[in-house]
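Take a look at the letters that make up each chain.
There are 4 protein chains.
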Amino acid sequence: MPGCSCHEIDFGIDVSVNNNHLIASRDPAHPANMICELCRLFYTNGWCTGTGGGVSIRDANKAYIAPSGVHKERMVPSDMFVMDLESKEYLRKPAKYKASACTPLFLDIYNIRDSGACIHTHSQNAVMVTLLFDKYFEISCIEQIKALPKLTEAGNLWYSDKLTIPILENTEREEDLSETLQQCIIDHPGTTAVLVRRHGIFVWGENIWKAKVYNEALDYLMEIAIKMKQFGIPTVRE
Amino acid sequence: MPGCSCHEIDFGIDVSVNNNHLIASRDPAHPANMICELCRLFYTNGWCTGTGGGVSIRDANKAYIAPSGVHKERMVPSDMFVMDLESKEYLRKPAKYKASACTPLFLDIYNIRDSGACIHTHSQNAVMVTLLFDKYFEISCIEQIKALPKLTEAGNLWYSDKLTIPILENTEREEDLSETLQQCIIDHPGTTAVLVRRHGIFVWGENIWKAKVYNEALDYLMEIAIKMKQFGIPTVRE
Amino acid sequence: MPGCSCHEIDFGIDVSVNNNHLIASRDPAHPANMICELCRLFYTNGWCTGTGGGVSIRDANKAYIAPSGVHKERMVPSDMFVMDLESKEYLRKPAKYKASACTPLFLDIYNIRDSGACIHTHSQNAVMVTLLFDKYFEISCIEQIKALPKLTEAGNLWYSDKLTIPILENTEREEDLSETLQQCIIDHPGTTAVLVRRHGIFVWGENIWKAKVYNEALDYLMEIAIKMKQFGIPTVRE
Amino acid sequence: MPGCSCHEIDFGIDVSVNNNHLIASRDPAHPANMICELCRLFYTNGWCTGTGGGVSIRDANKAYIAPSGVHKERMVPSDMFVMDLESKEYLRKPAKYKASACTPLFLDIYNIRDSGACIHTHSQNAVMVTLLFDKYFEISCIEQIKALPKLTEAGNLWYSDKLTIPILENTEREEDLSETLQQCIIDHPGTTAVLVRRHGIFVWGENIWKAKVYNEALDYLMEIAIKMKQFGIPTVRE
Numbered sequence: 001m002p003g004c005s006c007h008e009i010d011f012g013i014d015v016s017v018n019n020n021h022l023i024a025s026r027d028p029a030h031p032a033n034m035i036c037e038l039c040r041l042f043y044t045n046g047w048c049t050g051t052g053g054g055v056s057i058r059d060a061n062k063a064y065i066a067p068s069g070v071h072k073e074r075m076v077p078s079d080m081f082v083m084d085l086e087s088k089e090y091l092r093k094p095a096k097y098k099a100s101a102c103t104p105l106f107l108d109i110y111n112i113r114d115s116g117a118c119i120h121t122h123s124q125n126a127v128m129v130t131l132l133f134d135k136y137f138e139i140s141c142i143e144q145i146k147a148l149p150k151l152t153e154a155g156n157l158w159y160s161d162k163l164t165i166p167i168l169e170n171t172e173r174e175e176d177l178s179e180t181l182q183q184c185i186i187d188h189p190g191t192t193a194v195l196v197r198r199h200g201i202f203v204w205g206e207n208i209w210k211a212k213v214y215n216e217a218l219d220y221l222m223e224i225a226i227k228m229k230q231f232g233i234p235t236v237r238e
Numbered sequence: 001m002p003g004c005s006c007h008e009i010d011f012g013i014d015v016s017v018n019n020n021h022l023i024a025s026r027d028p029a030h031p032a033n034m035i036c037e038l039c040r041l042f043y044t045n046g047w048c049t050g051t052g053g054g055v056s057i058r059d060a061n062k063a064y065i066a067p068s069g070v071h072k073e074r075m076v077p078s079d080m081f082v083m084d085l086e087s088k089e090y091l092r093k094p095a096k097y098k099a100s101a102c103t104p105l106f107l108d109i110y111n112i113r114d115s116g117a118c119i120h121t122h123s124q125n126a127v128m129v130t131l132l133f134d135k136y137f138e139i140s141c142i143e144q145i146k147a148l149p150k151l152t153e154a155g156n157l158w159y160s161d162k163l164t165i166p167i168l169e170n171t172e173r174e175e176d177l178s179e180t181l182q183q184c185i186i187d188h189p190g191t192t193a194v195l196v197r198r199h200g201i202f203v204w205g206e207n208i209w210k211a212k213v214y215n216e217a218l219d220y221l222m223e224i225a226i227k228m229k230q231f232g233i234p235t236v237r238e
Numbered sequence: 001m002p003g004c005s006c007h008e009i010d011f012g013i014d015v016s017v018n019n020n021h022l023i024a025s026r027d028p029a030h031p032a033n034m035i036c037e038l039c040r041l042f043y044t045n046g047w048c049t050g051t052g053g054g055v056s057i058r059d060a061n062k063a064y065i066a067p068s069g070v071h072k073e074r075m076v077p078s079d080m081f082v083m084d085l086e087s088k089e090y091l092r093k094p095a096k097y098k099a100s101a102c103t104p105l106f107l108d109i110y111n112i113r114d115s116g117a118c119i120h121t122h123s124q125n126a127v128m129v130t131l132l133f134d135k136y137f138e139i140s141c142i143e144q145i146k147a148l149p150k151l152t153e154a155g156n157l158w159y160s161d162k163l164t165i166p167i168l169e170n171t172e173r174e175e176d177l178s179e180t181l182q183q184c185i186i187d188h189p190g191t192t193a194v195l196v197r198r199h200g201i202f203v204w205g206e207n208i209w210k211a212k213v214y215n216e217a218l219d220y221l222m223e224i225a226i227k228m229k230q231f232g233i234p235t236v237r238e
Numbered sequence: 001m002p003g004c005s006c007h008e009i010d011f012g013i014d015v016s017v018n019n020n021h022l023i024a025s026r027d028p029a030h031p032a033n034m035i036c037e038l039c040r041l042f043y044t045n046g047w048c049t050g051t052g053g054g055v056s057i058r059d060a061n062k063a064y065i066a067p068s069g070v071h072k073e074r075m076v077p078s079d080m081f082v083m084d085l086e087s088k089e090y091l092r093k094p095a096k097y098k099a100s101a102c103t104p105l106f107l108d109i110y111n112i113r114d115s116g117a118c119i120h121t122h123s124q125n126a127v128m129v130t131l132l133f134d135k136y137f138e139i140s141c142i143e144q145i146k147a148l149p150k151l152t153e154a155g156n157l158w159y160s161d162k163l164t165i166p167i168l169e170n171t172e173r174e175e176d177l178s179e180t181l182q183q184c185i186i187d188h189p190g191t192t193a194v195l196v197r198r199h200g201i202f203v204w205g206e207n208i209w210k211a212k213v214y215n216e217a218l219d220y221l222m223e224i225a226i227k228m229k230q231f232g233i234p235t236v237r238e
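Chains as they are written, first to last, in UniProt numbering: chain C, 1 to 238; chain H, 1 to 238; chain P, 1 to 238; chain Y, 1 to 238.
It is possible that part of the hints are untrue.
Given that identical chains are not distinguished, each listed pair holds provided it fits within a single copy or across any two copies.
Straight-line C-alpha distance at most 27 Å; calculated DSSO-like pairs for lysine-lysine [as the list claims (entries may be wrong)]:
(1) K135 / K93
(2) K135 / K227
(3) K162 / K98
(4) K150 / K96
(5) K150 / K98
(6) K150 / K162
(7) K210 / K96
Worth flagging that the hints you see were computed from the coordinates, not collected in a lab.
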């Protein structure tokens, strides 16, 4: 835009310190920018109010992670933690925040599944589903199921396939979930998400776009399952 | 805006290839722009989260169709498929997307009804209604019914007319719906929409504005019908 | 903003014809602009989807009225009808629209109550309340009641006062409501709104701001009343 | 932004009168700007429609308070009241508004708890909870509880801790709540909020960010508690 600088944004980020070059980019698709944009959207959807929830994107051997205790709809790229996935050392730590308690769980997922992004929400639909189902959230014969992957073979689930998402018991500290989460992911090679009772959901995917689709489709399916329960309609068709 | 180019947008579209002139327009009412705008609105309404749903607009003998697997709220005109309705050949195909599985169904609707636009959503109200009603969604004596057309004669339904929308059984593959959808539209000359059990709704109209009104009015009526069922109030007044 | 015209808007309205000077103003508080702004807000609240509902603002002896069949969230000032309240003649009529069927009802309200604005919505809460209550919507002992006026004496209702909104039976044609609406307003000098069974609500006030507050407060109260009914809690405290 | 003034905003505020320098700032984090921004957000969340609710931020010995009867989503900094907390005199009073009836209650909170901000909403979740619970809103074993502070000792509640929010009886006039509110805050040193039966909630915190987190987390917990009640699930786990 020659001759007019009115849309130029000064990042106000000193890229010479704290590895700030890792989070300063004008590309909206850069992980640091994308996490901020998606957190605003997820806040609006009620998935991370009250600083709940979290998002991480992997970029080769680096993981970008939203910090703990941040107002998700107000996050900026300079709030971001960046970790080296080999050394597990932080390449960048914002002074004013603590690392997210989800961090070890995101690392478990990256480690076991080689996924490209993880989304964790406190979605009310997720919490309600863990109160209405026992060890698994199960639903079949709803078109939206076709947005979820089979994983154990190529392609997505069919309309009449039964979607099954395991439900873990919650722990007092988020990091204490790590062991059972790992075992659960290993035991369920066909799942792209794990529910945590009275807590929320962890969803992952090959990249942030797949993770976003899976998360939206699952939230839709959990919402309709709750409505079906209210009308006494079984969520799995016989 | 002479003297300041700050609102000038560079499309970044090379109009000399891939028939890109078909989708590059600064007119917000151009089909390629309008589909993007409406998909953003429909995403916000929860009608096409998780890449569900679809929209098509007909422009003379060309059909503009949103692609498969796209995040509907992030769609841009260059994502658009354009088909010649006579030859059924694509005039334009974006390399990175597959054609929507709704395409044959939209073509059926254009073919049988000479409509100007089709909307397909996975609206939760539509899915719930197919779980609560048998072969037809029926409602009468709600003012909003007056937004729907009679079609078999001029003008819209009256307040006390019974609105009737047929419900088709879903199929494993969306394209397999084609035959029953065609028969259903032929058998119900007074309907401007068809529900698909455990799947969603197809709505069409003379043009995109009519299709939008019908879709919004139907979603409103399905929502109130579900609430009436919750309170044990019959949706058809005797 | 000298030296940069990038925020200058060209109305594209020829003010020399069709009394267009009546609707062309850069003042956001001008009735033609305000109606457009509020219709966008009301659309978002679900009060006028599918072209339902309507808004009118009185400016001395002129009434500004949104047209029939318009997508409320897309309305522009040039869509507006303007009527001389003495002669009941249109000072301005947009060629592409029909006058709203609410027009005679808005005129009744201006005539009987000397109000400055009328809002008509198809709010689902309003429709549900007319299905759950008989001749009057009644509620007491909810703080939000204090936003509504007493009218028969100065000041607003108290917390423990019983709010009473009359419910009219609907008619096939909106204009046929005129006679019963007039009688109802005369018979209930303490009401600032009338519900219409299976249709919606008409709300009015001294000016558009008061009408907006009354409409929002009533919608809030109707929403909570429906929830109270769901839990079997009486809406009027004994 | 040299060379282009198109993003320059002229406040149109004469800072030489009425202590207007107290509310004129380009800093989005200034209390006068922040209250306006948060009121827009809270309006969208349905927490202060119909001019209900209120927000106050303390800046050293000055309290900024939103006025009475204002459309919360349209508030501007010049609508703000500013009070000296020592003299209890207004440093600034907008001519067109009355002081909020919440003012004495906000002062009670500042006085007893030395908090930095207070939020008062008419949230439907808050009102419903006061209809479904007796003297206390109680919930345990929901992850979001961990967003609330213990106060009587350092740190936040744990997952399995029981959150307890006292419920006061409402009074005809808001200011008449002052005495019981004061006693209630003194009697419950571990609470950061008080519910008022059939009215709403008062939430406070060390600063506006903490108050916002507590308010969002409480609203989330009240919403899930109502859903649990609908399904007959106890909100406190045994």
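To see whether the hints hold, each was checked on the structure:
no., hint, verdict
1, K135 / K93, "neither (37 Å within a copy, 45 Å between copies)"
2, K135 / K227, "both (20 Å within a copy, 21 Å between copies)"
3, K162 / K98, "between (40 Å within a copy, 25 Å between copies)"
4, K150 / K96, "between (41 Å within a copy, 22 Å between copies)"
5, K150 / K98, "between (36 Å within a copy, 19 Å between copies)"
6, K150 / K162, "within (11 Å within a copy, 40 Å between copies)"
7, K210 / K96, "between (31 Å within a copy, 15 Å between copies)"
The structure is inconsistent with hint 1 alone, although it conforms to all the rest.
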